[in-house]
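The UniProt record's numbering puts the first residue of the sequence shown at 1, with every later residue one more than the last.
Fair warning: there could be bad hints in the mix.
Said to hold, decoys possible - Cβ-Cβ distance ranges computed for the label pairs, FRET-style:
1) Ala154 - Pro98: 40 to 48 Å
2) Leu144 - Val104: 28 to 36 Å
3) Ala68 - Gly37: 17 to 25 Å
4) Gly130 - Asp84: 25 to 33 Å
5) Trp57 - Pro36: 17 to 25 Å
6) Pro36 - His75: 13 to 21 Å
7) Thr16 - His113: 27 to 35 Å
8) Asp61 - His113: 19 to 27 Å
9) Leu144 - His14: 42 to 50 Å
10) Leu79 - Thr16: 32 to 40 Å
Don't read these hints as lab results, they were simulated from the structure.
Keep in mind the model is a prediction, meaning the values are calculated, not measured.
Quick reminder that beta carbons are idealized off the backbone N, C-alpha and C, glycines included.
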Amino acid sequence: MPGTHPAQAERNTHPTRADRNKDVVRRFYEAVLREPGGPDFATIRELTDEQEVELNWGHPDSGVHRGAAIGPVRHRMHLLTGMDPSALVVEELLAEGPTRVVVVATNSGTDVHGVPWTMTVLELVDVVDGRITRKRSFYQDTALLRDIALESEAALGREAALADGSGPAAPAPPAP
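Build out the structure end to end from the sequences listed, making use of the hints.
So, in structure tokens, the structure goes:
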């Protein structure tokens with residue numbers, strides 16, 4: 001290529017392992033955020049190891065989750081925090097070494113009171129043999145996520161109680 005440094009030209013024709021790992025993570029997020037039609041689950045399965053481990057601290061379902069359990073946990077977090085997955089913006093992918101890709105992203109949503117929120121999340125993603133094997137997520141404001149989730153859980157509990165009749169009874173009509 002004219003005007004291209006020889007090292008860059010070599011990299012363009014023979015991507016490094018770090019470049020290939022970034023491509024896996026980029027394709028994963030493109031599949032998750034696909035619109036219209038929602039997530040591309042076939043591509044997500046292709047890019048993730050069946051035994052993937054996700055370590056998620058500081059959100060409603062904090063803990064270690066594996067394989068097929070990861071999707072429902074993420075869905076619950078989105079529900080409880082009012083996060084809009086389609087609004088997630090991947091700001092940057094950084095890769096160094098044999099397996100690690102760092103994702104810098106912005107999450108946003110709306111709490112149960114209609115108040116919008118936005119925060120940065122960092123994910124450390126390990127890619128082995130072209131598949132995501134582990135993700136660790138770090139949220140900018142875990143206290144805010146916890147508070148939003150607690151308010152949502154309380155609101156959902158009140159709605160469920162009213163729907164099944166176990167909630168507070170309507171006041172008795174005044175005596176004649």
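To see whether the hints hold, each was checked on the structure:
no.	hint	in the structure
1	Ala154 - Pro98: 40 to 48 Å	45 Å, holds
2	Leu144 - Val104: 28 to 36 Å	18 Å, violated
3	Ala68 - Gly37: 17 to 25 Å	22 Å, holds
4	Gly130 - Asp84: 25 to 33 Å	30 Å, holds
5	Trp57 - Pro36: 17 to 25 Å	33 Å, violated
6	Pro36 - His75: 13 to 21 Å	19 Å, holds
7	Thr16 - His113: 27 to 35 Å	47 Å, violated
8	Asp61 - His113: 19 to 27 Å	22 Å, holds
9	Leu144 - His14: 42 to 50 Å	44 Å, holds
10	Leu79 - Thr16: 32 to 40 Å	39 Å, holds
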